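Q: Okay, here's what each chain looks like letter by letter:
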Amino acid sequence: MQRKEGHIQSNGQDVMNPNPSGLVGVGLRPTHYPHLETLPDIQSNWFEAISENYINTEGRPLEMLLKMRAKYPIALHGVSLSIGSDSGVHEDYLFKLKKLIDRVDPIIVSDHLCWTHAPSGNSHDLLPLPFSQEALQRVVRNIDVVQNHLDRQILLENISYYLKFKESEIDEADFLVELCRKSGCRLLLDLNNVYVNAVNHEFNPVSFLKKIPVDIVGQMHVAGPSQEKGYLFDTHSSTTRDAVWKLLELVIDRGVNAPLIVEWDQDIPDFNTLETEVTKAKTIISDATKRAHAGQTA
Amino acid sequence: MQDKRLNCLQERFLSAIKKESDSFLADITPASQLNPTECVEIYSRGYAARLTEALGETFEATWWVLGDEEFFSLCDKYIQGTPSFHYDLSDYGTDFTDFLAKQNQSAEIPFLVELAKFEWLFKGIFHKANLTSQAGDWSSATSLNDKLKLTLSPSASLLESQFPVYTIWKNRTESLECMNSIDLSKAENLLMYKQNSQVFVRSLERDEFVLMAALAQQKSLSEALDRLLQVHLETTPERIQEIFSTVARLGVFSFGSDFS
Chain A
1 MQRKEGHIQS
11 NGQDVMNPNP
21 SGLVGVGLRP
31 THYPHLETLP
41 DIQSNWFEAI
51 SENYINTEGR
61 PLEMLLKMRA
71 KYPIALHGVS
81 LSIGSDSGVH
91 EDYLFKLKKL
101 IDRVDPIIVS
111 DHLCWTHAPS
121 GNSHDLLPLP
131 FSQEALQRVV
141 RNIDVVQNHL
151 DRQILLENIS
161 YYLKFKESEI
171 DEADFLVELC
181 RKSGCRLLLD
191 LNNVYVNAVN
201 HEFNPVSFLK
211 KIPVDIVGQM
221 HVAGPSQEKG
231 YLFDTHSSTT
241 RDAVWKLLEL
251 VIDRGVNAPL
261 IVEWDQDIPD
271 FNTLETEVTK
281 AKTIISDATK
291 RAHAGQTA
Chain B
1 MQDKRLNCLQ
11 ERFLSAIKKE
21 SDSFLADITP
31 ASQLNPTECV
41 EIYSRGYAAR
51 LTEALGETFE
61 ATWWVLGDEE
71 FFSLCDKYIQ
81 GTPSFHYDLS
91 DYGTDFTDFL
101 AKQNQSAEIP
111 FLVELAKFEW
121 LFKGIFHKAN
131 LTSQAGDWSS
141 ATSLNDKLKL
151 TLSPSASLLE
161 SQFPVYTIWK
171 NRTESLECMN
181 SIDLSKAENL
191 LMYKQNSQVF
201 VRSLERDEFV
211 LMAALAQQKS
221 LSEALDRLLQ
231 VHLETTPERI
241 QEIFSTVARL
251 GVFSFGSDFS
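Taken in sequence, the protein lines are chains A and B. All residue numbers for the first sequence refer to the numbering used here, where the first residue is 1 and numbers rise by one. All residue numbers for the second sequence refer to the numbering used here, where the first residue is 1 and numbers rise by one.
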């Protein structure tokens, strides 16, 4: 079932298709609330909030989110939707997410292409799916339930994974494309996850990204992983690697035109360090856009 | 017939994460530098770490009293026997106090279980909405109808403890040596409630607690007063009036079921 495309903000701006240098922001984290409450002059011009931090609680966190929402565009990014669960999506979660969406009026609602729960328990982790026809059909059915309940399009993020399934029969990039086409959802393209997977599973990230059509990308993430013994771990605990900035250049050069978030979830630094990453992202996007314009006029 | 391979695969993956079975290892191809066991171990470590962190956040003072080694050892044991079902991690640990009651540590530290109960209640109130001020004329309502029943707000909770759990909890960021200065024989009757986005804990006098506990159990005003007078024969009308003034001022009870 095709859903309405994008979401138009009250000021008329279509934030699903903004100027590429328009929306570059960071994840909204409680540790930065005191700084943000002083209403500093900042580079970040939008924020992404973790839905679960606000779904089951009242009080200061939600007050802060609503205060930020009054000033900036906000995306609600979840970790517990479990869109890949064969047992389906929890109704209670959907109900509460809808209530939060109604209060916050986010410009984007997203989660991950993964599963977190099965009938025997909840892993509280973003677990990978096999890239199989069965999984594809299941996820499309679940997305339909979610988009109908929320009455809006959702975005799903490609995740990092540390194992692959023998029963996978579809290439990951093809799986993502087919999923978006069949369900009407869009892709939250996490460039760090592409990079981490490419290193861990030895594939070419550029070839991967070239298979992703520009029009399905509704948002992007960059972040920094940590090096563990024998693998890269998607910890969001360091600055974005140069290789990931290169991937950002590549997708902008290809014409991707979507809001970007710099994620940082462990060993969270002061806000100014995040702002340095935001400035860097803005410069890359701006330079790539200038190159594209120069190419068009040459 | 519906294809159930995905369902089985997900159950096997979860079993492997919880270290219940390793049949899942045959289903996977590992990341290039790892073997299948090492790959699953990444997820197993994450699972244990997340649940331990959730317990640590809720039971911060219990952790402080037990120390790292004992607390983490108890968490491991609890996590092995208690899968998480709710998507909200802060909901994990519903029966952690019951689990603690069966452990040797609760015999060695008599107040441990009640301290954990306090922390679980505190966590619950922390996530509730602020108390809403209750409209209505308390003095006329309570004097005109002694059959009236009151409802305790979901943003409030009462706890009767044989030990000074709130006093212990308040010291949780200090050195453990401060426990030596706490009189552990002192019981506490506590009221917790959320107001202005903060959780307030009020130590109640015994007679205040008896009356509020009876009201919270949906006893009528006259039944609650009877209960108070059974426990405190000497209670004067002035004292009763004083307690009701306190109840009215705190705003934690409503007439009927106004709290929703």
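Hints were generated in silico from the structure; no laboratory data involved. Bear in mind the structure is a predicted one, so any value in this text is a computation, not a measurement. From the three backbone atoms N, C-alpha and C, an ideal C-beta is built for every residue, glycine too. A few of these clues could be false.
Subject to a maximum C-alpha distance of 27 Å in a straight line, what follows is the list of computed DSS-like cross-link-like pairs (lysine-lysine) [said to hold, decoys possible]: (1) A:Lys182 / A:Lys229; (2) B:Lys149 / A:Lys164; (3) A:Lys98 / A:Lys211; (4) A:Lys229 / A:Lys71; (5) B:Lys19 / A:Lys166; (6) B:Lys4 / A:Lys99; (7) A:Lys280 / A:Lys290; (8) B:Lys4 / B:Lys18; (9) A:Lys98 / A:Lys210; (10) B:Lys186 / A:Lys166; (11) A:Lys211 / A:Lys71; (12) B:Lys77 / B:Lys147; (13) B:Lys219 / A:Lys98; (14) A:Lys96 / A:Lys67; (15) B:Lys4 / B:Lys77; (16) B:Lys4 / A:Lys164; (17) B:Lys147 / B:Lys170; (18) B:Lys170 / B:Lys219; (19) A:Lys99 / B:Lys128; (20) A:Lys96 / B:Lys77; (21) B:Lys77 / B:Lys117; (22) B:Lys4 / A:Lys182; (23) B:Lys117 / B:Lys147; (24) A:Lys166 / B:Lys117; (25) A:Lys96 / A:Lys210; (26) B:Lys19 / A:Lys164; (27) A:Lys96 / B:Lys102; (28) B:Lys186 / B:Lys147; (29) B:Lys4 / A:Lys71; (30) B:Lys219 / A:Lys229; (31) B:Lys117 / B:Lys128; (32) B:Lys186 / A:Lys67; (33) B:Lys19 / A:Lys98; (34) A:Lys67 / B:Lys18; (35) A:Lys229 / B:Lys19.
Label pairs and their computed distance ranges (CB to CB) [unchecked claim]: (36) A:Asp267 / B:Thr37: 20 to 30 Å; (37) B:Thr29 / A:Ser207: 40 to 50 Å; (38) A:Leu94 / B:Asp22: 44 to 54 Å; (39) B:Thr29 / A:Asp267: 25 to 35 Å; (40) B:Asp22 / A:Gln227: 55 to 65 Å.
Q: Checking against the hints above, which ones are violated?
A: 1, 2, 3, 4, 6, 9, 10, 11, 12, 13, 15, 17, 18, 20, 23, 24, 25, 27, 28, 29, 30, 32, 33, 34, 37, 38 and 40
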